[in-house]
Structure formats: C-alpha cells, structure tokens
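J.: Using the hints, put the two standalone chains together into the complex.
Quick mapping for you: the protein sequence lines, in order, are chains A and B.
According to this note's numbering, the first sequence is numbered sequentially starting from 7.
According to this note's numbering, the second sequence is numbered sequentially starting from 323.
No wet-lab data here; the hints were simulated from the structure.
One or more of the hints may lead you astray.
[As the list claims (entries may be wrong)] Which chain B residues stay away from chain A? Per the calculated CB distances, all over 10 angstroms, these:
(1) 338
(2) 342
(3) 358
(4) 360
(5) 381
(6) 460
[Unchecked claim] Quick list of the computed label-pair ranges, beta carbon to beta carbon:
(7) B:356 / A:70: 20 to 28 angstroms
(8) A:74 / B:417: 23 to 31 angstroms
(9) A:73 / B:337: 25 to 33 angstroms
(10) A:47 / B:412: 23 to 31 angstroms
(11) B:440 / A:8: 44 to 52 angstroms
(12) A:49 / B:417: 32 to 40 angstroms
(13) A:26 / B:392: 17 to 25 angstroms
(14) B:388 / A:66: 16 to 24 angstroms
(15) B:401 / A:8: 18 to 26 angstroms
(16) A:23 / B:466: 37 to 45 angstroms
(17) B:357 / A:24: 39 to 47 angstroms
[Said to hold, decoys possible] To give an idea of the chain B side of the interface with chain A (calculated C-beta under 7 angstroms), a few residues:
(18) 426
(19) 446
(20) 448
In this text, a Cβ means the ideal position worked out from N, Cα and C, and glycines have one as well.
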Amino acid sequence: MMKETIFLLKTLKEWCDRFDGIHVRYAYDTTSEYHIVEVDPESIRRGNEQYQKAELVLWTEFMERYPDSDLLICEPSKANNMSNCLFDSVLCLASEVWMPFLSDYIGVSSVSYLSKRSSYSKLNEYNNIYDYALAA
Amino acid sequence: MLYICKLLNNKPTMPAFLNKAQNNMIVAETLIDSDILITSAHPAYYAAFLSIKYVLAHFGGMDYDKQEKCKNEKGSHNYLSNLALPLMSKLDTETGNDYFVWYNKLKKLRKTADYKPDDIEDDVLKDNLATAKSFMTNIESNFKTA
Chain A
7 MMKETIFLLK TLKEWCDRFD GIHVRYAYDT TSEYHIVEVD PESIRRGNEQ YQKAELVLWT
67 EFMERYPDSD LLICEPSKAN NMSNCLFDSV LCLASEVWMP FLSDYIGVSS VSYLSKRSSY
127 SKLNEYNNIY DYALAA
Chain B
323 MLYICKLLNN KPTMPAFLNK AQNNMIVAET LIDSDILITS AHPAYYAAFL SIKYVLAHFG
383 GMDYDKQEKC KNEKGSHNYL SNLALPLMSK LDTETGNDYF VWYNKLKKLR KTADYKPDDI
443 EDDVLKDNLA TAKSFMTNIE SNFKTA
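Isolated chain B (complex conformation) (with noise of 0.2 angstroms):
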C-alpha cells in the first residue's frame, strides 16, 4: 500500500485527467505485481476511460463539464468512447481498429471481473495490463498535449 500511495503522489506533470489515468495503470500492474490479479482488471480499464476523457477534452472539443452533463443523458462510458473512435480512426484505419479492440477488450474484462463471481484465468488478467499499456502508448504517442 505504501508503494502504491508513494507512485500516487507524484506531482502531476500532464493534463490531470492523463496523469489519473497513468495512475491507474500504475495501481494495476502494482497489483498484478502483488499477485492481487483480479483486481487488476478495474484500474486497468479506468485508465483507458480516463484517458479517454482526456483526449476528448484535449483534442475533441468536449470539455469535461460537457462529459459530465452527458453522462446524465446517456451511458456515459459508451457514449464518450463512442465520440473518441473518430478521432483515433483520423489517425489511421489500423489505429482505430485497435482503440476500439482493445478499449473494448478492457471493459468486458472489467464488467467480468467486478460484477460476477466467474473465475478469471491469471494469464487471461495478465494479458489484459498489456491491452491497457498499450491502449496508453497509443494515446500518449498520438494525444500529446504542448
């Protein structure tokens, strides 16, 4: 738990809705790390939402008071993920493919994971940090704010 609270107490660098988010992935490979594998799964997808919000407020011109006022509308998750895939899929066909593919990969696994009791494999969870790394290095390759 130290560990954990020393990580997140880095002074934020980035905009604060990437650096919650890479705070999250250091929160699931801590846990992964820990052998606490299960759990993974749910930081691991919130860094992919959250930086999902930051790109949309970064670079789709939706700030996050609108993000907010949305997801009283509608299911905030899939409707803001819904509004990022044209900014990834601008990128590149392949990119948008895989932000999808892989953002999608990290909420069933989570939806699994949090809200019914099946078993999940380990190197199923371990597979899935790697998703969630690499839906970050996406994000941060092709997101950077100045």
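Isolated chain A (complex conformation) (with noise of 0.2 angstroms):
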C-alpha cells in the first residue's frame, strides 16, 4: 500500500468524523499519477471556514511529507479519472475489502466507523482495490 494513500485514507476519515454532511472520494489515477480527492458540497468545501483550514493543512503536510507526490483537493469534476476509488465516504467502498489493512493503520474505532457506515458495496466494480489488498 502506498505511504500517501494510508496518510490520506486517516485524514478523510478524520475529515467525515469532523464535517457532518462532508462527502468525500478519493482515487489515485495511474495515468496522470495523482492522488485525487474530490469534496462537496460546496457549501463546505468552499463555504465552512474550519473545512478551508483543514484542506490547507492537508496541503501543506502532504507536500511536507511527500515532495515528490502529487494532489489534488478539489470538487467534483468529470476531469477527474475516478474509476481506481479507493475511498467513498457515501459508498463507504473501502469497509470491506481495506478493514484488516485499515484497522492496523487508523485503528479500531475507525474500522467500526467504516462498518457503520457501510450501506452499500460494489465491489466486484473495484477489481483494482482486490489488487491493492492483495499486493499490501
């Protein structure tokens, strides 16, 4: 499992547990090589000041951490090649297939949270998150 996506997969987490009506998804696209989280409503996104400082933190620590990597925080858009999604926080995509990887991570309680979450699971769309799992 890539450092950046375990760094990311906490920090949405953190972010569903902090902003009540936040949805959030994130995919790393293989193509452009970035790591894409998409956010809204935009009445958060763009509207709820402790939101903004929590993307800028985002921003500013990732680009600490990880020079090298590229991000990008911004609302949905079909310019964005979602198709390899690791993280839904509506779908809650990554409860089933990332819990044993997760609950070493972000601990228990998180995974607890993912299952309670959890309504809704396509996962035979998401072959590439098997891959992921697999190779972690």
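T.: Take a look at the structure:
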C-alpha cells in the first residue's frame, strides 16, 4: 500500500468525523499519477471556514511529507479519472476490502466507523482494490 | 500563427517571467479559439508555473538563479510550487487552497495531454483555460510589482 494512500485515508476519515454532511471520494489516477480527492457539497468545501483550514493543513502536510508526489483536492469533476476509487464516504467502498489493512493503520474505532457507515458495496466493479489489498 | 507572433512581439512592460506567463495564456486562448484544444493544456499550465517563478523571485526572496540551482536537486515544479504556498496562504486560507487546487488541476491535465494517449473532452479543456485565467488573475491582483 502506498504510504501516501495510508496518510490520505487517515485524514479523510478524520474529515468525515469532523464535518457533518461531507462527501469525500479518493482515487489514485495511474495515468496522471495523481492522488485525487473530490469533496462536496460546495457549502462545506468553500463555505465552511473550519473545513477550509483543514484542507490547507492537508495540502501543507502532504507536500512536506511527500514532496515528489502529486495531490489534487477539488470539487467533483469529470476531468478527474476516479475509476480507481479507493475510498468513498457514502458508499464506504473501503469498508470490506480495506478493513484488515486499515485497522493496522488507523485503529479499531475507525474500522467500526467504516463498518457502521457501510450501507452499500459494489466491490465487483473495483477489482483494482482487490489487487491493492492483495499486494499490501 | 501570425496572430500569435504579433501578440508575442508586444514589448514587455512588466517583469520578464510574468510577461512570459501572460504570453503563454495568450497562446492557450488562441489555441482554444482555433479549436486546437488539447494542445492548449501545455501553455495553460506553463502560464501558471512561470507566474509562480515570478512570485518567488519578486515576493519570495528566491531569485531566478536560485530557482535554477534548485531544479537540479529536486523535482523543480513541485519544489517551486510548494515553496509558493505559504505566500498564497498568508493572504487568506481560501486563496491558499485555490492556489493549490487550480495549479494542480492545470498540472494534472497537462501531464495527461502531453504524455498520455488518452482523449480529453473538449469542455474539460475549455474549463481548463478558465482555471488558468483564474490562477493568473489571482497572481496579478495579489502580487503586483511597483
């Protein structure tokens, strides 16, 4: 598992805890080699001062930890290739496949959180996640 | 082509790298207007990158010679764009966030357009030009030289 991915999953989980109503999706686009985080609604992304501070902290920490990696945090956009989706706060896509791995990194409570929020799973469409998990 | 050459022959009345950045914007706009859409991603990105070099040189205490030396040590684009973030976020939080959002949108699309065979939709490329304009407006309004 990429260290950037672990760091981002942990941060995005914290965002879901802190900002009620936030929707976050995270994908790694192998074409552009970008970590992409889509955030909505806009009332939070650009209307919530605390969220904006948290976003700036993430930009800053990511560039300090991984200066040679690329990150984009933005509104949902069809310009983004999200087919390699690694986390979706609504679908809780990470819940089943990632759980054993996430529990090592972000703690049991986080896994409970993911499990509690999990209402939908469409894993067959995301075979690449299995590949990630197997490789980890 | 003649149209582009005329625009680029305008005498610069501003710092060189800001002028270069603005010329790249003119090229990107001209390519979009000429329906050569995918090629516009390259100058749209370089408009942003060159304007960052201008900001660092004139407001960040890092002249162009220092910037050149740094590029041999680390990935110069990430290194320089990261250095500029504190200058942007010092203005206000949203400006800092928008700076990185817009810069990375431009960079991501440029990488795909320049290096990958993937098609990019026309309206995505037109939106990309709008992003570059927002980026440049932000720089020009917040970082003016005397």
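J.: Could you check the structure against the hints above and give me the numbers of any it violates, in ascending order?
T.: Hints 7, 11, 12, 13 and 20 are the ones this structure does not satisfy, whereas the remaining hints hold.
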